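S.K.: Each chain is listed here by its residues.
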Amino acid sequence: AQKVTQAQTEISVVEKEDVTLDCVYETRDTTYYLFWYKQPPSGELVFLIRRNSFDEQNEISGRYSWNFQKSTSSFNFTITASQVVDSAVYFCALMVRGNNRLAFGKGNQVVVIP
Amino acid sequence: DTEVTQTPKHLVMGMTNKKSLKCEQHMGHRAMYWYKQKAKKPPELMFVYSYEKLSINESVPSRFSPECPNSSLLNLHLHALQPEDSALYLCASRGPGLAGVRGPYNEQFFGPGTRLTVL
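Protein chains in written order, with my numbering: chain G, 1396 to 1509; chain B, 17 to 135.
Among the hints, erroneous ones may be present.
Stated by the list, open to error - What follows is a list of derived Cβ distance ranges for each label pair:
1. G:Pro-1436 x B:Thr-23: 30 to 36 Å
2. G:Gln-1464 x B:Ser-36: 21 to 27 Å
3. B:Ser-71 x G:Ala-1396: 14 to 20 Å
4. B:Glu-100 x G:Asp-1450: 39 to 45 Å
5. B:Lys-25 x G:Pro-1509: 43 to 49 Å
6. B:Leu-70 x G:Gln-1464: 25 to 31 Å
7. B:Lys-56 x G:Asn-1494: 22 to 28 Å
To be verified - Now the stretches of chain G that chain B is said to cover, found in silico as 3 or more residues with beta-carbon under 8 Å:
8. 1408-1418
9. 1427-1439
Simulated from the structure, these hints should not be mistaken for laboratory data.
Keep in mind the model is a prediction, meaning the values are calculated, not measured.
Where a beta carbon is used, it is the ideal one built from N, C-alpha and C, also for glycine.
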């Protein structure tokens, strides 16, 4: 069974500060995919980033970056120089190869204060 | 700009009504999903269609009836719902799809959702 844990519930930051969201996952499968989604108040889940279990490097995409640590089963996500438009719920999710199901964490509510 | 569309955006219905939610994607994705999401909770999987065949039904009550008329369309027929069925209903699709089309790497793309209220 797959499980995703996002321990923090609500995080408040002042605009331009960095914010890091923690995600810890559990799976026995060796091939799996990790995702971060953003859900603004409008409700749509927006795909942000994907990480394959066999990828080696961490990456940066604009103001987003992520830190994948297989040894600790963590997939943390950082927003650099936060903006008010970043206020949303962020979900970490896991899918294993050959399985159509996405296991979601409970989500992090991020509030960016102007 | 979303590549998965859902209609209607909002729906209010009585417990005796019959209504349908619609979802459409043109990315050539062959897996389509229905999720239910209550406030302050993550989405819960309801149904999965793979190559137009129902592959997963997460023990959803029969008052929810999915239909996949073709590879681009997904419907959710609603009948005799209960007030506790009020929620945001999200549709999603997943690749692999057409060559060169966004999303060949297993991520699901979600539509904007239908906010359903059952009176």
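S.K.: So, for every hint listed, does it hold in this structure?
M.R.: So, going through the hints one by one against the coordinates:
1. G:Pro-1436 x B:Thr-23: 30 to 36 Å: violated, 20 Å
2. G:Gln-1464 x B:Ser-36: 21 to 27 Å: violated, 45 Å
3. B:Ser-71 x G:Ala-1396: 14 to 20 Å: Given range 14 to 20 Å: holds, Cβ gap about 19 Å.
4. B:Glu-100 x G:Asp-1450: 39 to 45 Å: Given about 41 Å between the Cβ atoms, the range holds.
5. B:Lys-25 x G:Pro-1509: 43 to 49 Å: violated, 28 Å
6. B:Leu-70 x G:Gln-1464: 25 to 31 Å: Cβ of Leu-70 (chain B) to Cβ of Gln-1464 (chain G): about 38 Å, so the range 25 to 31 Å is violated.
7. B:Lys-56 x G:Asn-1494: 22 to 28 Å: Hint holds: Cβ distance 26 Å, inside 22 to 28 Å.
8. 1408-1418: violated (count 0)
9. 1427-1439: n = 6 at 8 Å, threshold three: holds.
Hints 1, 2, 5, 6, 8, counting from the list given before, are not met by this structure.
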